[in-house]
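Q: Sequence:
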Amino acid sequence: MQELVLGSVRLQLLPQRAVYIEAMRSLLVADVHLGKPETFQAHGVPVSSQINDATLARLQRLCQTWRPQQLWILGDLFHSQIGLVETVKEHWCRFLEEVAISVHLLLGNHDRPLKAAWEELSIHCWQELVQRDAVLLSHEPQPVMDADILVNICGHVHPRIRLQTTLDSLRLPCFHWQPSQRRLTLPSFGEFTGGYDIALSGDAVAYGVAEDQIIPFQGHCRRGS
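The sequence shown begins at 359 in the numbering used here and counts up by one.
Check each hint, because a few of them may be wrong.
Pair by pair, the computed Cβ-Cβ distance ranges are [stated by the list, open to error]:
#	residue 1	residue 2	range
1	D506	Q439	36 to 44 Å
2	E361	Q418	35 to 43 Å
3	I507	S406	36 to 44 Å
4	E478	G577	44 to 52 Å
Derived lysine to aspartate or glutamate pairs resembling EDC-like cross-links, with alpha carbons at most 20 Å apart [to be verified]:
#	residue 1	residue 2
5	K447	D411
6	K447	E477
7	K473	D506
8	K473	E486
9	K447	E478
10	K447	E549
11	K473	E444
12	K473	D491
Keep in mind that the hints were calculated from the coordinates and are not lab data.
Each residue gets a CB set at the ideal place from its N, CA and C atoms; glycine is no exception.
Construct all of the structure, not just a fragment, from the sequences and the given hints.
A: Okay, here's the thing in structure tokens:
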């Protein structure tokens, strides 16, 4: 776990690719992409649906460990309309029964075409940005113009860092903290999401996720090809 203290805001960065904010009693994740295996299956690619189960199991363990009052999903809970099959819906509803907390979704670009599903799936949906005290929540990165906002927490990018030697290279999902922009971009939460290699510059820090550890990197990681 890595703690970021931004004035009155304390963020717990968790190696399970989530953030916990005690003052809000909230757990934050982004880019879950449930139903992506089913989307591939619909196009003839044999990807296992058990990937969804692994993602939801990790999310359930987080909720049981931290016991938040609210779960905030910063966009892209589901991947596509074609992937939102009955089995995916059933597993989501079973997850809700197990954790018994309020779930809020900031609609991402993958979520917006699925309007008919949200009421059925017991999700509070938000079309716009959401401000909670000094924290601005969004799906896509947003400029912070208000002096009262200490941090924009967002998703969408799926950040990862590339570590490279002369013999080998490794990519890790990461939290991308940009102090000069007051922005924290979360790694994608889903097990089957891929990522975008970021370049670190200035005061930016990448908190790489490696199994049960968070490892900070600054300045010497570059975007890969």
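Q: Now tell me, hint by hint, if it's right for this structure.
A: To see whether the hints hold, each was checked on the structure:
no., hint, in the structure
1, D506 x Q439: 36 to 44 Å, "holds (38 Å)"
2, E361 x Q418: 35 to 43 Å, "violated (24 Å)"
3, I507 x S406: 36 to 44 Å, "holds (41 Å)"
4, E478 x G577: 44 to 52 Å, "holds (47 Å)"
5, K447 x D411, "holds (12 Å)"
6, K447 x E477, "holds (12 Å)"
7, K473 x D506, "violated (33 Å)"
8, K473 x E486, "holds (15 Å)"
9, K447 x E478, "holds (9 Å)"
10, K447 x E549, "holds (18 Å)"
11, K473 x E444, "holds (16 Å)"
12, K473 x D491, "violated (28 Å)"
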